[in-house]
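> Sequence:
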Amino acid sequence: MEELLYNTQVEKLRMPEYGRNVLKMVEQMKDIPDREKRSEQARAIVKVMEILNPQVHQQENFEQKLWDHLYLIAGLDLDIESPFPAPKPEIIEAKPLPIPLKKRPIKATHYGRNIESIIDLISGEEDGEVKTSMIRSLAIYMRQQYLIWNKDSVADETIFKDIEKLSGFSIKVPEGLSLTKLSADVNFSRPGFNPNVGQSGTKKNHQRQGRRNNKKKQ
Numbered sequence: 156m157e158e159l160l161y162n163t164q165v166e167k168l169r170m171p172e173y174g175r176n177v178l179k180m181v182e183q184m185k186d187i188p189d190r191e192k193r194s195e196q197a198r199a200i201v202k203v204m205e206i207l208n209p210q211v212h213q214q215e216n217f218e219q220k221l222w223d224h225l226y227l228i229a230g231l232d233l234d235i236e237s238p239f240p241a242p243k244p245e246i247i248e249a250k251p252l253p254i255p256l257k258k259r260p261i262k263a264t265h266y267g268r269n270i271e272s273i274i275d276l277i278s279g280e281e282d283g284e285v286k287t288s289m290i291r292s293l294a295i296y297m298r299q300q301y302l303i304w305n306k307d308s309v310a311d312e313t314i315f316k317d318i319e320k321l322s323g324f325s326i327k328v329p330e331g332l333s334l335t336k337l338s339a340d341v342n343f344s345r346p347g348f349n350p351n352v353g354q355s356g357t358k359k360n361h362q363r364q365g366r367r368n369n370k371k372k373q
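Per the numbering used here, the very first residue in the sequence shown carries number 156; after that it's consecutive.
Please keep in mind that the hints were generated in silico from the structure rather than gathered at the bench.
Backbone N, C-alpha and C fix where the C-beta goes; we use that ideal spot for every residue, glycine too.
Among the hints, a few may not be true.
Stated by the list, open to error - Pairs of lysine-lysine, DSSO-like flavour, derived with a Cα cap of 27 Å:
hint	residue 1	residue 2
1	K185	K262
2	K250	K220
3	K202	K192
What the hints assert, rightly or not - Derived DEER-like restraints, expressed as beta-carbon distance ranges:
hint	residue 1	residue 2	range
4	K179	H265	52 to 62 Å
5	L332	G267	16 to 26 Å
6	E172	H265	39 to 49 Å
7	N305	E245	49 to 59 Å
8	P253	N305	53 to 63 Å
9	K243	E281	15 to 25 Å
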């Protein structure tokens, strides 16, 4: 009776998506002395690998990918007639390039990093109505984000000071700028809240009210 072995007791698979049975097939194929028969067996194994790994079809040159996988399973030690050249060890063993990460810390975590990008964009605008409108829209959004985190009321001046501070004081909030008052029953932390819909009701409610008004006019 064959002894039962656990995965932790056997050699780690180079290509685990094909399983240990494919590895056994490859090892048996390598022991075939005749090169032509060995190549014929290799083609049969590739067909099996294609069935076991159907998602490979989503890749470009998937046939070459399958043959590359066959060589990898064989430890790149394979003497067969292949429709594609054997992969080079230096390419296989090459480590992927590290993904560059933004190491600059977020100045205000409750606003997020995107706010800093928007502030940088506004800083480059010339003073005028457009810039004032952008500052006001940004302040409204920042107030909403503030309430999600703190769940307390916040003065407009606090938001304005945060904008100026986060911009390195390159943005000066115009005097007299004020934000719309928030409705007392608005809960910015509730699931599905969309700050772009409006503060006096949902977009759907506005559409319903519009239809009622049109019927009255008719």
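> Each hint needs a verdict: does it hold in this structure or not?
Against the structure, the hints:
no.: 1; hint: K185 x K262; in the structure: violated, 60 Å
no.: 2; hint: K250 x K220; in the structure: holds, 18 Å
no.: 3; hint: K202 x K192; in the structure: holds, 16 Å
no.: 4; hint: K179 x H265: 52 to 62 Å; in the structure: holds, 57 Å
no.: 5; hint: L332 x G267: 16 to 26 Å; in the structure: holds, 22 Å
no.: 6; hint: E172 x H265: 39 to 49 Å; in the structure: holds, 43 Å
no.: 7; hint: N305 x E245: 49 to 59 Å; in the structure: holds, 55 Å
no.: 8; hint: P253 x N305: 53 to 63 Å; in the structure: violated, 37 Å
no.: 9; hint: K243 x E281: 15 to 25 Å; in the structure: violated, 56 Å
In this structure, the hints that do not hold are numbers 1, 8, 9, in rising order.
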